[in-house]
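Peer 1: The chain contents come next:
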Amino acid sequence: MQRRGAIKYLTLTAGTLFVAPAWATAWTKASVGAKTAYLSAAAGDLLADVVDTIIPVTDTPGAKELGVPGFVQRMLTDCYEKEVQDKVKNGLERVDALATESYGKPFARADATQRLALLTRLASSTDTDEKEFLALVKNLTIQGYTTSEYVMTTFYHYVMAPGHYYGCVPVPSAVSSAKEMNNKR
Amino acid sequence: MANLNIDAVKAMTYDAIVIGSGISGGWAAKELCEKGLKTLVLERGRDVKHVTDYPTANLNPWDFPHRGQVPLALRAEYGKSRSFMREETLQWAIKEGEQPFVQEKPFTWTRGYHVGGKSLLWARQTQRWSDFDFDGPARDGFAVDWPIRYADIAPWYSYVEKFAGISGNKDGLPQLPDGEFLPPFELNCVEDHLKGVLAKNYQDRHVVQGRCAHLTKPQPIHYQQGRAQCMNRTLCVRGCPLGGYFSSNASTLPWAEKTGKMTLRPHSVVHSIIYDEQKGKASGVRVVDTNTKQMMEFYANTIFVNGSALNSNLILLNSISSRFPNGLGNDNGLLGKFIAWHNYRGHVSAQYDGFSDKTTDGRNPSNGYMPRFRNLHRQETDFLRGYAAGIGAGRGSSQNRDGLGADLKASLLNPQIGPWHVSSWMMGETVPTEKNHVRLDTTQKDPYGIPLLVTSADWTENDDKMVKDYMEQFTEMFTLAGFQNVKASDSHSNPGADIHEMGGVRMGKDPKTSILNQWNQVHQCKNVFVTDGACMTSTGTQNPSLTYMALTARAASYAVDELKKKNR
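So the sequence lines, in the order shown, correspond to chains A and B. The letter at position 5 of the first sequence is residue 5 when you use our numbering, and the numbering goes up by one with no holes. Remember, our numbering sits 1000 above the position in the second sequence when you count from 1.
The set of hints was computed from the structure by calculation and includes no laboratory data. Take these hints with a grain of salt, some might be off.
[To be verified] The calculated DSS-like cross-link candidates involving lysine-lysine, where the alpha carbons are at most 27 Å apart (straight line), are:
no. : chain 1 : residue 1 : chain 2 : residue 2
1   : B       : LYS1279   : A       : LYS82
2   : B       : LYS1095   : A       : LYS82
3   : B       : LYS1358   : B       : LYS1035
4   : B       : LYS1200   : B       : LYS1049
[To be verified] A few chain A residues that face chain B, going by a derived Cβ cut-off under 10 Å, partial list only:
no. : residue
5   : THR58
6   : MET75
7   : LEU98
8   : THR100
9   : SER102
10  : TYR103
11  : LEU136
12  : THR147
13  : SER148
14  : PRO170
[Claimed, not checked] Simulated restraints on C-beta separations:
no. : chain 1 : residue 1 : chain 2 : residue 2 : range
15  : B       : ALA1228   : A       : ALA97     : 57 to 63 Å
16  : A       : GLN114    : B       : GLY1418   : 33 to 39 Å
17  : A       : GLN114    : B       : SER1397   : 53 to 59 Å
18  : A       : GLU93     : B       : LYS1468   : 51 to 57 Å
19  : A       : SER125    : B       : GLY1449   : 58 to 64 Å
20  : A       : ALA135    : B       : ASN1058   : 33 to 39 Å
21  : B       : PRO1419   : A       : GLN114    : 55 to 61 Å
Note that CB positions come from ideal geometry on N, CA and C, so glycine has one too.
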């Protein structure tokens, strides 16, 4: 009987763990952003193509496959002032206009070489708006890509709880021991 | 009716009341409950239960929708505050309007308004004071003489260290007394190199591993608290689900709760302490419930004030009675005066090309530490007192971010290890002056009807000279060690940016020149004890929390002994 009582108690306790107290609304994924995206669906698709051109698929997944376009748009929607948002919106329009001008088709239908050439032109453009547009989208793309689970665990050997600190080890072992640690998990 | 009133009062009556649940309040709660006192612990913020109320503790970097950056709309709710403005730590930030204060001179006031207070947010460094610190005011002629010396507090340092769990190395330095240590974290190659160079070139400059409140090798007493070994996550400020570092939430509060003697009441802002003119002592506290905005009264014969340094000043200043028209225990008019803090303005950084084949592995929750060497045995500079310094070295890695497309991607996936970076930050003693003070605003009140606190504290010439000396000395030491690109800077940060504000309710021998006696008792109201940063007569150079813990345990022991004597 005592045992049953204990189990009942545990269940109750466990149950309470999952009831978020009122204050916890200060931190939920829903509360930290996730508003409606400010770009139209079409502009969002174009942004995804730009992001995927900045970091394309090779023998490893590109930015698009890792969900980076969603991250970039979330950042733009939630963390930037309207004037920056407008700059990106205009920049995207400019991307399509340039593609049509140069290749006779929208960016989405340009091939990979054409897309890369176009963005490279923007990166060194003498037009400040074009240059800033690309720099911002590129920075956010890099941020989203390098902090993705795939890149952090596969390439950067991210470990939340290393369980040790060694103050003086040969350079390569830091990498290999992190790998080892990851493999154990 | 009379009986009903008696019953109502009885329901609101405890043996002891502790104001605040932070690092010192938690200790007061533990000690008083363990000694059998029915104790009410009041916390102005919400409850934070160990583990379950650390919402971000186990999240990976990619789990944060904005990778840590707080969305603009959410940011707006916190006004100009920049403290804890990250997705990882937003749960600790204080919303705009919660407690405005008047900065007569610029002051940075970081507050922890939730159960556990700043014990969840601290840097966890725990260096002991020595007699070089306690002797300071008397030797150098400032403030007043401390009523205690190292010998008075040493056993209490040991007492709290064993329970809290302090890692450190026994270094045998009189200016940094050894304690009850769990194994230390290690210095890395460059920190160790600096240590060696300084030992060769100076008599008095020691680099040691900072002692810190981390369980490097938990003992039975720590397992009994439900805590486990530190796993070097260094995500401490989110709250540690392992209890790997000491906090009220992981340690003292659950311990107090287990006694069955503790009542923890969150959402309770203390307005003032009630003084009973007939009995000539305090009889309880007035509390504003933050949900109902109703004023309530609770009663007890022993009151511990642990509201954090400036808030404890605020509570005493607002505790007005016929006997104490200027604040509780304030016959001498010194309450709120002689506020001091730590001078963290100086920073020196460098690079090092040596040990290029070596690096670190894992993460270090602590850092190197240099105890004070200036004016230690005698006055030798044109400024009073001196500074300790934190020292940390490490190698970062970076990626080439040039280009676009597959080239960029290849660079990003091949981070290159960079040179060693070394940095040092000063922790200077500030000399308390009467001019640096806090007081109540005469007209403006906060949302709970409590007068706003006015902060009036500024740097002095002594502080400026000390920053200059720190920058010169660390530039010299870093240069001797062969470091390159040595850069010294003075942040000119606001007082308080160190989060070590102290004083205003200082301890002393003489009721004419101090508010508290050698047991942290208000001289003129003996059943009120103040054992947080407010009690500090001078500031030393050490991170102060360990000293607050020891003073609290000592005062609680004394308080209960006195009660027992009277019962006899």
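Peer 1: Taking the hints in turn, state whether each one holds.
Peer 2: Evaluated hints:
For the hint pairing LYS1279/B with LYS82/A, the CA-to-CA distance comes to about 64 Å; that exceeds 27 Å, so the pair is violated. Among the hinted pairs, LYS1095/B with LYS82/A is consistent with the structure: their alpha-carbon atoms are about 24 Å apart, no more than 27 Å. Annotation: proposed proximity of LYS1358/B to LYS1035/B is violated, straight-line Cα distance about 52 Å (limit 27 Å). For the hint linking LYS1200/B to LYS1049/B, the alpha-carbon distance of about 49 Å lies beyond 27 Å, and the restraint is violated.
Interface restraint check for THR58/A: the shortest CB-CB distance to chain B comes to about 5 Å, inside 10 Å, so the restraint holds. Interface hint at MET75/A: satisfied, since its Cβ lies 6 Å from the closest Cβ of chain B, which is below the 10 Å cut-off. Below 10 Å, beta-carbon pairs count as interface contacts, and LEU98/A has none with chain B, the closest being about 15 Å; its hint is therefore violated. Proximity of THR100/A to chain B is violated relative to the hint, the smallest CB-CB distance being about 21 Å (cut-off 10 Å).
For SER102/A, the interface hint is violated, the least distance from its beta-carbon to any beta-carbon of chain B being 16 Å, above 10 Å. For TYR103/A, the shortest C-beta to C-beta distance to chain B is roughly 17 Å, which exceeds 10 Å, and the interface hint is violated. The beta carbon of LEU136/A is not positioned within 10 Å of any beta carbon in chain B (closest approach about 13 Å), and the interface hint is therefore violated. Annotation: interface hint on THR147/A holds; nearest CB of chain B at approximately 5 Å, less than 10 Å.
The restraint placing SER148/A at the interface with chain B holds, with a minimum CB-CB distance near 6 Å, inside the 10 Å limit. The interface hint given for PRO170/A is met, as the beta carbon of that residue sits about 6 Å from the closest beta carbon of chain B, less than 10 Å. A hinted range of 57 to 63 Å holds for the C-beta pair ALA1228/B and ALA97/A, which are about 60 Å apart. Separated by about 36 Å at the C-beta atoms, GLN114/A and GLY1418/B satisfy the suggested range of 33 to 39 Å.
Checked against the hint of 53 to 59 Å, the pair GLN114/A and SER1397/B fails, with Cβ atoms roughly 34 Å apart. Between GLU93/A and LYS1468/B the beta carbons are some 55 Å apart, a value that agrees with the proposed interval 51 to 57 Å. About 59 Å separates the C-beta atoms of SER125/A and GLY1449/B, a value consistent with the hinted range of 58 to 64 Å. Between ALA135/A and ASN1058/B the CB atoms are about 34 Å apart, so this pair conforms to the stated range of 33 to 39 Å.
Separated by about 41 Å at the C-beta atoms, PRO1419/B and GLN114/A break the suggested range of 55 to 61 Å.
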